[in-house]
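Sequences and hints are given; from them, build the entire structure.
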Amino acid sequence: MLVPDPSAAVLVEDLSKSFRGVAAVNGISFHVAAGSITGLLGGNGAGKTTTIGMILGLVTPSAGRVSVLGHDIATDRHAILHRINFQSPYADLPHRLTARQNLRVFARLYGVPDAEGRIEELAVNLDLTAFMDRPAGRLSAGQKTRLALAKAMINSPELLLLDEPTASLDPDTADWIRSHLDDYRRDRGATILLASHNMPEVERLCDQVILMKDGRIVDRGGPADLIARYGRTDLEEVFLDVARNRGAAAGRDVA
Amino acid sequence: MSAHTRPAWPEIPYRRFSAGRVWALVIRHMYLLRSSWPRLLELVYWPLMQMLVWGFLQLFLDQQASFLATAGGVLIGALLLWDMLLRGQLGFSISFLEEMWSRNVGNILMSPLRLSELLAGLMAMSVIRLAIGIVPVTILAIVFFGFNIWGLGLAFAAFFANLMLTAWTFGIVVAGLVLRNGLGAEGLAWSLIFPLLPLCAVYYPVETLPAFLEPVAWALPPTYVFEGLRAALIDKVFRGDLMLISFGLNLVYLAAAVFIFFRLVRSARDIGSLMSTGE
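From first to last, the protein sequence lines stand for chains A and B. Counted from 1, the first sequence has number 135 at position 135 by this note's numbering; the numbering is strictly sequential. Every position in the second sequence, counted from 1, becomes a number in this note's numbering once 1000 is added.
Treat the hints loosely; a few may be bogus.
Stated by the list, open to error - Simulated restraints, written as ranges between beta carbons of each label pair:
| no. | chain 1 | residue 1 | chain 2 | residue 2 | range |
| --- | --- | --- | --- | --- | --- |
| 1 | A | Thr129 | B | Leu1057 | 52 to 60 Å |
| 2 | A | Glu236 | B | Ala1256 | 49 to 57 Å |
| 3 | A | Asp76 | B | Gly1151 | 51 to 59 Å |
| 4 | A | Asp76 | B | Ala1157 | 38 to 46 Å |
| 5 | B | Ala1256 | A | Asp114 | 39 to 47 Å |
| 6 | B | Val1044 | A | Glu236 | 42 to 50 Å |
| 7 | A | Asp172 | B | Leu1115 | 38 to 46 Å |
Hints in this document: simulated from the structure, not taken from any laboratory. Just so you know, these numbers come straight off a predicted model, no measurement behind them. Here a beta-carbon is modelled for each residue, glycine too, at the ideal position from N, C-alpha and C.
Here it is, written out as structure tokens:
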């Protein structure tokens, strides 16, 4: 039984979502400890994106409750939107605007003090300086991802929600992004919730992993703990065990 | 770095309504217009073509009919006002559709921008886009046809304000429908307002309509504007009473449109369409 932690950055209780009678998320509960990196792990259709959508307030739950930074997302979402941010492959930045113009717009939307200073800081940190005056649509995939990450960090968010942040990136760029996220969490004490099906990424970054399948949480724990529990050598093998109903979580619902 | 030496989280005060956030949306679209000459050209192109066609027709009719000769500018004036209504609505809707086309809606809706600020930003953009397109055309109407709509003074201001309110009403409903139903509904942005063209008696008096359509016409705010235009040009009087009725009707319809928009957004959150803003 999950014991809710009232100091958690994200608190999800008995959350469900059905679309036309089909359950996308089915009664899940979890919390994300402040200052941690938590991975939502699962295959396609596991319910990760819908869960993130409900945490962001873009999708209304069929049942259950989400609390973010101590505020109920259903009733008090606008009180915390300037303290969180997100990056998702389902959202893009306007292609005709330059990287700098995009960041200026979002700095104003988030009410960032000293916006130009923050933009320069992000340009340096994310190695975007040479591309700042280039239209976003003319950036490479890696540069676009770094720009999207700069947008996600424009307000120095206390909570960062990332949906497949390194999807379609080459290994070098993906590794660079992971290092940056890890540094941000360590240096700022930020909380990061990461939806991914990239096992090495989750294994490297996350303190806690929540394994989802068919809209339910089928297991959870630290990466090393899960690997040991399943008697495997890496998280990918654990993921395959879960996906194929083998091993520790087979037939068990820990939600 | 230890937790004790970490920089504090930035103090960002939260305001229920922020002109700064509205301005952010406006500069986003100004950057877009500045970067794209075809978009700027398109703003002027159709109003200019329309003005030329109707202006030359007006010249021809002036030579044929004594009534129209005495009421110079009725057709071209009606055309310019109709274009303000149409382009005002398109300015609102296209600014919103730009967010959909660029898949930026998720970023916008997840930012602190409130829905009321989104609507305010789109209203501002509709006026800006309209000004870019219509102001040069009204000046060319003076040069080519000697028709000066600005010369109507206060009446023109009242016409403009009422037509903008109607334009926003349609734009708000279209934005809600597109958020709820995806880009498959974007065609409504170009077509939803056109039933007003015959019903609002743009180019002819309301009595021209069949009797059963006259109450429909009088239920629509722009009808009073076009009747007011004819009164100003033919009878040389400003019908403030018509403008007040139009304004009252506009407020009712605008409030209804905002209500419908919020209901459509709520429905979009229910069905998850804000997470997938494609077709």
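Right, here's what the structure says about each hint:
The given range of 52 to 60 Å is respected by A/Thr129 and B/Leu1057, whose C-beta atoms sit roughly 58 Å from each other. Judged by the Cβ atoms, the range 49 to 57 Å given for A/Glu236 and B/Ala1256 holds: they are separated by roughly 55 Å. Between A/Asp76 and B/Gly1151 the C-beta distance comes to about 53 Å, which sits within the given range of 51 to 59 Å. In this structure the hint that A/Asp76 and B/Ala1157 lie 38 to 46 Å apart at CB holds, the actual value being about 42 Å.
With their beta carbons about 43 Å apart, B/Ala1256 and A/Asp114 fall inside the hinted range of 39 to 47 Å. With their beta carbons about 58 Å apart, B/Val1044 and A/Glu236 fall outside the hinted range of 42 to 50 Å. Restraint check, A/Asp172 to B/Leu1115: a C-beta distance of roughly 41 Å satisfies the suggested window 38 to 46 Å.
Checked against the numbered hints given earlier, the structure breaks only hint 6 and satisfies all the rest.
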